[in-house]
Amino acid sequence: MINKLLIIIGIIGMLLILLPILVNFQSPTNLSALAEEYVRGSVNDLKSPNVVTSVVVTYRGLDTLGEVTVLFLATLGVGFLLENKKNKSTQRTVSENIRTTSSFLVSLIMVLGIYIFTHGHLSPGGGFQGGVVIASGFLLLILSDLDFKISHAILRFVESISGLVYVLIGLIGLVLTIGFLNPAILPLGKYGDLFSAGAIPLIYSLIGLKVGSELTNIIATMGSDRSSESVVKEER
Amino acid sequence: MIETLILGFILLLIGLYAMLSQKNIIKIILGFSIADTGVHIIIVSLGYLKGRRAPILDSAVDIANSVKEVVDPIPSALVLTAIVIGLATTALMLVFAAELHKRKASFSIDDYKELKW
Amino acid sequence: MDIFIKIIYAAISILVATLYGLILIGIVHKIYARVHRRIGPPVWQPILDIIQTHGRKVATSHGIMFFLGPVFRMAGGMGTYLFMPVIFGSVVFSNYSMAGDLLLVMYFIFFGQLGMALGAGEGGHPYSPLGIARGLSQMSTFELPFSLAVISIAIQYQTLNITTIVAAQQGGMLNWTLFTNPLAVIAAMISLLGMNMHSPFSLVLAPQEIPIGPPIEMNGSFLGILQTNRALFASAKLVLFMNLFFGGATNLPIMMLKTFSIYMFSVFIGAAFPRFRPEQSFRFFLRIPTLIGILSVIVIAYL
Amino acid sequence: MVNPLYLIIISLMAGFVLPLLDRVNRKLSLATFIGVLLANTVITGFWMHGFIQADLGTLSFSTAGFTAPLSINFQLGILEAFVLLAINLIGLLTGIYLLKKFNESPLAGMILFIMVVMGANGLILTRDLFNAFVFMEILSISTIAIITLKRTNESLSSGFKYMLASGIASIFFLLGVVFIYFFSGSLNLDFININFTDYRLIAVYMVAIALLIELKMFPVNGWALDVYESTDAGVATIISVINSTAIAFMFYKIMPLLPSNFLYIFGIIGALTYLMSNLMGLKQENARRLLGYSSIGQMGLLLASIIFTAGLEPVLRIMIVGGFFLNHLIAKTGLFWISGLIKKEKLKDWRVIRSNKSLMIMFGIFIFALSGFPPFAGFWAKWEFVKSLLAGQNILIIALILLGSLFEVIYMFRWFIQTVKGEYKEDELSIMPSGKVILTTLLGTLGFGLGILIMKNYYGFNFLFTLPILSLLFIYLIDFLPAKIKGIMSLGGLAYYGYYLYTLVQFENPIQILFGVIFLVGSGVNLISTLNRSEISKGFYGLLMMMIFSFGSLLIARSYLEFFLSWELMTIASFLLILRGKNAQKASLMYMIFSIAGAYLMMVGFGFAPELIGSSALITGLTYVQLPLISIILLALGFMIKSGVLGVHVWLPEAHAEAEADVSSFISAILLKAGIWGFLLVAISVVWNAPQFDVYYWMGWLGVFTALVGAFLASFQEDAKRLLAYSSMSQVGYIIAAISMLSHLGWVSAFYLSLNHMMFKSALFIAIAGVYYRTHTRNMYEMGGLIKKMPLSFISVLISIIAVSGVPPLSGFGSKWLMYSSFIERGWYLQAAVLFFASAVSFLYLYRLIHTIFLGQAKYEHKDVKEAPVWFIIPQYIFIGAIMVLSTFPNLLIKPLSAMASQYFNSNIVIDGYNVYSSYGHWNGNLIMLVTMGVFIVPLFFLILFIGKITKVKQFNIVYAAERPESPQTTHVAHNMYAHYRKALGGWGKPRIWDFWHGSAEWAHTMGDFFRRIYSGNGQTYLLHIILFFVVVFFLGV
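Residue numbers (this note's numbering), protein chains in the order written: chain X, 33 to 268; chain L, 1211 to 1327; chain A, 1353 to 1655; chain V, 252 to 1289.
FYI, nobody ran anything at the bench for these hints, they're computed from the structure. Heads up, a few of these hints could be off.
Pairs of lysine to aspartate or glutamate residues, derived as DMTMM-like cross-links and limited to a Cα-Cα distance of at most 25 Å, are as follows [unchecked claim]: (1) V:K534 with L:E1324; (2) V:K1234 with A:E1631; (3) V:K1234 with A:D1401; (4) L:K1326 with V:E536; (5) L:K1323 with V:E536; (6) V:K401 with L:D1320; (7) V:K594 with L:E1324; (8) X:K222 with L:D1272; (9) A:K1358 with V:D1163; (10) V:K1039 with V:D1115; (11) L:K1323 with V:E405; (12) L:K1312 with V:E405; (13) X:K36 with L:D1320; (14) V:K401 with L:D1321; (15) L:K1314 with V:E405; (16) V:K599 with V:E911; (17) V:K595 with L:E1324; (18) L:K1323 with V:E596; (19) X:K222 with L:E1279; (20) V:K1241 with A:E1631; (21) L:K1326 with V:D600; (22) L:K1326 with V:E405; (23) L:K1326 with V:E596; (24) L:K1260 with X:E69; (25) L:K1278 with X:E69; (26) L:K1278 with X:E68; (27) L:K1237 with V:E405; (28) L:K1312 with V:E355; (29) V:K1200 with A:D1401; (30) L:K1323 with V:D1260; (31) L:K1314 with V:E596; (32) L:K1326 with V:E1253; (33) X:K222 with L:D1268; (34) V:K599 with L:D1321.
Pulled from the structure, derived: some chain V residues nowhere near chain X, Cβ distances all over 10 Å [claimed, not checked]: (35) R277; (36) L310; (37) I392; (38) E596; (39) F712; (40) A941.
Built from N, CA and C at the ideal position, the CB exists for glycine as well.
Modelling step: build the complete structure from the supplied sequences, incorporating the hints.
Structural data, given as structure tokens:
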């Protein structure tokens, strides 16, 4: 009872604290100085139409590297926790329709994913989005094809190599003393081209690969882990 | 946009309330996810400028006058990172939940107080 | 040469005091006997007793400290007496009062008691330490009102020098401390009851409980010395009280008269009251007399 | 220099490449793992070196070819370099520590470890708020994942609780950062230049609260405790040290954004965390969880110090914050490591540590460091912190911190004592891996060295002040020698030291010489008694010399800090000496607690005191300053605790009784005088600059009642050493009262009594030590009749008790005479009466002491007892000889003492030949001695001449109702000797003070137990705490 009351007090308190922000909220009419510089710089310095991509990959590239690391850590943690639990998955059947459709869809999904991360600097999307799409393709495979076994070794290899190359690309900038993660190590090219904006498409592709393999890894690990259910059954 | 901002706050508070009041670990994680989503919506709505376009300077945008035409790209960039981190956290939480369940066959958070005081 | 004369004077002084003390004890015995409707022993009986005990051929000793106990006791008695001026203005009876003041006398009283306690302790008889424990405890309690009284008169006369205190009380009875500072005198006189160890404060020698008390193992010459000392020590204490509270004495008869009166005070009280239990005695001293003592200090110092 | 970005890059590359390398060979990945940590350490080491060599300012490193605020930048200044070096070094060492574990567990452990370190590095370096968020997430996710390195139910559930809490914290942080961007238009700390007032406040508030949650502040820290308790020792180390440090540094970085009223509240929260977690720690029995409480407390202290040193000059600030930081870093790392080696949960099971000497010493070092003892960094930090807080009038914070520190000392030392004194069985022994032991030893040595470095380089202490520590180390090196050789060497060293102080340091004031005699000559003579030790006595002489040299330093200290340092060193040494006693657990703990409490009072008292002018010894320097009243009271209280004044005396009998026989005399005769010395110093400052309120009048009363109560308590003891201890308390009461009089005669008597007490109490304690050595009991009723077996001891006890009692003609009377004369002269009449009473009562215990041991009936089991060993007899007779000389020729002493006191007061005693005249009376010690000898000799000769034949009789030949007594036990009146007195005292005889302290301790434990119930173990409750904390603190601040 007291607990309930305290929860309500807490939530109401939070509300009261946050309310002034809503009350005083005024939608800005201009970009902040920093945002303006990003918008201009994206066109002029980086030749990348997608400003968000410029910010994500270049200006705040360190964040993105960190972000990739966080995902990497989560994968690692998931693997670490669910290790050595390769119980047989419970029997279930998959209809023929789904199996056929999915095998057809998967290739399309993969292509879409690759498209998204290679065109990250031109259109909406990017490495993460592409990676997620690829992972969803694998998810579909795992769900539909019971015999589908994805090799953790390959996933890990892709994951490691793409991460390593990503850091190395950044390192080249540092070695050339033009700055860590500076995409200008490659020619900037023509504005709007696929092969433009320096190393941005390359980095985004690597991110795409890495995110894709990591998420797939997580899904695969979680999917293969059925031990909890079996324990429950035994207890029942 | 004030409407989405309000929505974000409501989601945040709903999420927090769920985290505080639900006993089921999965529901608590869901609560966290809801709150996290609320935060993401708040971030995006803070960067929104009325009547402007996404910050992708393709042919539809007047490049010379781009700063007057697009919304703030920074929150968009931040939210991207935030989403991924949120995803990672949620995944890890779920794995913890699974592992806990494996040991005690319970999803009630009240069952996991071996350590106290 | 001076020092030898001094020693001779001291010897005379001690001799007189001892004889006086012995006769005093004899008189008391006589009084007690008459109260009991007996004829009683002659007044010189204590002297005969001493001669008799010294005449014993054999003395039993429990060890060196036992041997020294009576010596300490006697030295304490002699010392206490010698550090006091007995008769105001008399060269013979001024003793070694120049060695120290009232504090010295008060502390030298302990010398003999401590030594005796040690000697008796070595005797190994359980009654000795029992008596000593009672005695020490009671001593600590009556010392409190007594010290308050002493402090009170020290404030009053602005000195701790006994000769000066006596000098200040000269020139008529009304100058005595008894009249100028009655509260202090009351406190001190009640303490005196404890010091003299007459009933109701006769805890140490309490014949029915711990027969004879500390000196129970003493015999022969040891006992003789103790008896001698009892007389000397009694008169020393009386002289101290006389000096402090009753104007001192300018000659021997006055001294004897005054000390006799003081002594009779405790004798009469003792004849009238039964003995306290130890804790009753301790509580008694820590209550009324102490309050009177504090009062006397406050009255003298702050009013 | 290497770009600090490499700290991130190398770790990341290693993290990504390790899964591949591990396929090749595990050895390779282990090498890489260590290589990365080593590289980090080397890089930061170079930077630290660079910053020390030259003032490089703060350097900025940007990324992506753009400068801040466009891109994310790192900042590296000396502060960052220092913190980075520290955490990377601990990271490296802990990595090595965990190497074996990592070799056996999945690869993920190593990667996660590297990532924790990387996250911490990034968090410290980055200037971008959102980037900080990312690094914080890296840090917490990798920390959470690595918690499961030890796979148990507990670690999993605690990890989940951690996730929930850090999830909420990250939501707050993220929202806060975004709001900050929304309001200020920048994410870079260097470019945020608006004030976060009114509704904007929430932005920075959320960031700050998120950091406080991650810093595990009270009460939002329940999850952290579970984590500390359940995870692997190495992991706990990195959470406690690396993780927390990085977050604390982050807080430091956002501090400029926070409004001052909120900063103040956060500071209070920090101090409160320190207090509460230590209070709750009192009830802990699980070692790991206790360390968790302590870690959290230390973080609170660190936070408070970061906040409240904001206005100080940088060097001082580094001294304080850095001191606390390093202290926590080293001590906590060490303790967690040891916990990993011990593998025992319960505190009391840690006694197996005794099987490994060097680990045990390290354990001690960490405990002492954590409790803020010199020479460790925490000591200096605490000193400066309290001083700066006082300058800022932050009394509340000081109270919180010192109280918290006291609680910490209590449980830490309880643990320490339990551990080093506990008995362990052979089968409990576990073999400690020597590598880890060496690592731990290295760490302890590092901490010790750092402390010495601060001492030498920052403060520039004179050689003499480090001597106590050096002597401890030196004697530790030669500890294999027999005790006698060490004893003689110590004696020689002490002699030279005394000579050195006397001739070369040149005392400024004769009072120093007097106390020099008490401290050094007294110690020297007492030292002779220790030569009786036949075994090697490991550690004994080192501690003893440390204590003695600390006494010396106290005399010549020229600043408050020098004095306090020596004081604390003395406390350490004496504590460990007392702890050597067989059953000294409780006694030494009480001693430690009271000493620390006193030390804290002193610390605050010194903090209030005005700066000294010039560099003369305190005894001169203090004359010219006007101490404020509060300072006088606190200092005096602190010193009185050490002297065992009424109310705070409860440690004293315990410590005296339980210490080794030859140590007790040092404690009673000399250690208590250190308190007197301090008390005197305070009094000296008051003589010419008296405060408005006559506080000394009340201290006088306190001293007087100490004398009385001490005498009574002594009379009721059965234990000889306890009796003497209470007797010391009583005597100290006299001295305190005499000093408090602030008059010439009062001080003369105080000096006289101090010296006298040193002599007779030493003689008594050594005599009792001799008796104990022969009879193996301290209970007086178990002895009796020893006069025939131990006549020499008897004589020395006899003379000593005559000196104590003040019976003429011995020197004790001099002190009594001076005392009463001065009291009456000063107008303290009633006090004088109480003292009369006290000294009358003192006869009770003195007689009890000598009678029950030496007189009465000898016990059968003592029939073969011999005289005490010659090493006990020699010092006794040196003291007895000195007492006799001073009794016969009191002028030898009175004259110089009078001269000492007349530096401060007009002399009103006249010394004429052997006569001493006060305005009230006079005293001729020499004549008294002669007369006494005369009146003693007359009856003696009379007796010898006239006694006739003496029959020596055997035991039991007594007049006992014509019966033979049953046994000595029933005949020897000794047990409960003054029962009737106790009965007469009624309710006054109850041990109320003891009950009070007992009650206080009980109460504190109950409070701790009450408060820790908030940590219900339920992760959801912890969330609720967080939300409510968020709300409540906000409304408090607004």
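So, going through the hints one by one against the coordinates:
Between the alpha carbons of V:K534 and L:E1324 the distance comes to roughly 18 Å, so the proposed pair stays at or under 25 Å and holds. Annotation: proposed proximity of V:K1234 to A:E1631 holds, straight-line Cα distance about 6 Å (limit 25 Å). Only pairs whose Cα atoms come within 25 Å are accepted, and V:K1234 paired with A:D1401 is rejected, the gap being roughly 39 Å. For the hint pairing L:K1326 with V:E536, the CA-to-CA distance comes to about 12 Å; that is within 25 Å, so the pair holds.
In summary, the hint linking L:K1323 to V:E536 is supported, as the alpha carbons are separated by about 18 Å, within the 25 Å threshold. At roughly 22 Å between alpha-carbon atoms, V:K401 and L:D1320 fall within 25 Å of each other, so this suggested pair holds. Distance restraint check for V:K594 and L:E1324: the Cα-Cα separation of roughly 19 Å lies within the 25 Å cut-off, and the hinted pair is therefore satisfied. Note on X:K222 and L:D1272: the hinted pairing holds, with a Cα-Cα distance of about 17 Å set against a maximum of 25 Å.
Pair hint A:K1358 plus V:D1163 holds up; C-alpha atoms about 21 Å apart against a cutoff of 25 Å. A distance of roughly 11 Å separates the Cα atoms of V:K1039 and V:D1115; the hinted pair therefore holds under the 25 Å criterion. For the suggested pair L:K1323 and V:E405, the alpha carbons sit about 8 Å apart, so the restraint of at most 25 Å is met. Taken as a hint, the L:K1312 and V:E405 pair is honoured in the structure, with Cα atoms around 14 Å apart against an allowance of 25 Å.
Pair hint X:K36 plus L:D1320 holds up; C-alpha atoms about 15 Å apart against a cutoff of 25 Å. Pair hint V:K401 plus L:D1321 holds up; C-alpha atoms about 20 Å apart against a cutoff of 25 Å. Annotation: proposed proximity of L:K1314 to V:E405 holds, straight-line Cα distance about 12 Å (limit 25 Å). Between the alpha carbons of V:K599 and V:E911 the distance comes to roughly 24 Å, so the proposed pair stays at or under 25 Å and holds.
With a C-alpha separation of about 18 Å, the suggested pairing of V:K595 with L:E1324 holds against the 25 Å cut-off. With a CA separation close to 18 Å, the supplied pair L:K1323 and V:E596 stays within the 25 Å bound. For a cut-off of 25 Å, the pair hint linking X:K222 to L:E1279 stands: about 23 Å separates their Cα positions. Distance check on the hinted pair: V:K1241 and A:E1631 sit about 16 Å apart at the alpha-carbon level, within 25 Å; holds.
Of the supplied pair hints, the one linking L:K1326 and V:D600 holds, its CA atoms being roughly 21 Å apart against a limit of 25 Å. Among the hinted pairs, L:K1326 with V:E405 is consistent with the structure: their alpha-carbon atoms are about 10 Å apart, no more than 25 Å. Proposed proximity of L:K1326 and V:E596 is supported: the alpha carbons are some 15 Å apart, at most 25 Å. For the given pair, L:K1260 sits about 20 Å from X:E69 by alpha-carbon distance, which is consistent with the 25 Å threshold.
Proposed proximity of L:K1278 and X:E69 is supported: the alpha carbons are some 12 Å apart, at most 25 Å. For the suggested pair L:K1278 and X:E68, the alpha carbons sit about 9 Å apart, so the restraint of at most 25 Å is met. For a cut-off of 25 Å, the pair hint linking L:K1237 to V:E405 stands: about 21 Å separates their Cα positions. Of the pairs offered as hints, the one joining L:K1312 and V:E355 holds, with about 24 Å between alpha carbons and a cut-off of 25 Å not exceeded.
Using a Cα cut-off of 25 Å, the hinted pair V:K1200 and A:D1401 holds, with the two alpha carbons roughly 20 Å apart. A distance of roughly 17 Å separates the Cα atoms of L:K1323 and V:D1260; the hinted pair therefore holds under the 25 Å criterion. With a CA separation close to 23 Å, the supplied pair L:K1314 and V:E596 stays within the 25 Å bound. For the proposed pair L:K1326 and V:E1253, the alpha carbon gap of about 22 Å is at most 25 Å, so the pair holds.
For a cut-off of 25 Å, the pair hint linking X:K222 to L:D1268 stands: about 13 Å separates their Cα positions. The straight-line distance between the Cα atoms of V:K599 and L:D1321 is roughly 29 Å, outside the 25 Å bound, and the hint therefore fails. Even its closest Cβ contact with chain X, about 16 Å, leaves V:R277 beyond 10 Å, as expected for a residue assigned away from the interface. Every CB of chain X lies more than 10 Å from the CB of V:L310, the least distance being 15 Å, so the non-interface label holds.
Distance to chain X contradicts V:I392 as a non-interface residue, since its nearest Cβ pair spans about 5 Å, not more than 10 Å. V:E596, annotated as away from the interface, keeps every beta carbon of chain X farther than 10 Å; the closest lies near 24 Å. Distance to chain X confirms V:F712 as a non-interface residue, since its nearest Cβ pair spans about 46 Å, more than 10 Å. Against the 10 Å criterion, V:A941 stays outside the reach of chain X, whose nearest CB is about 55 Å from its own CB.
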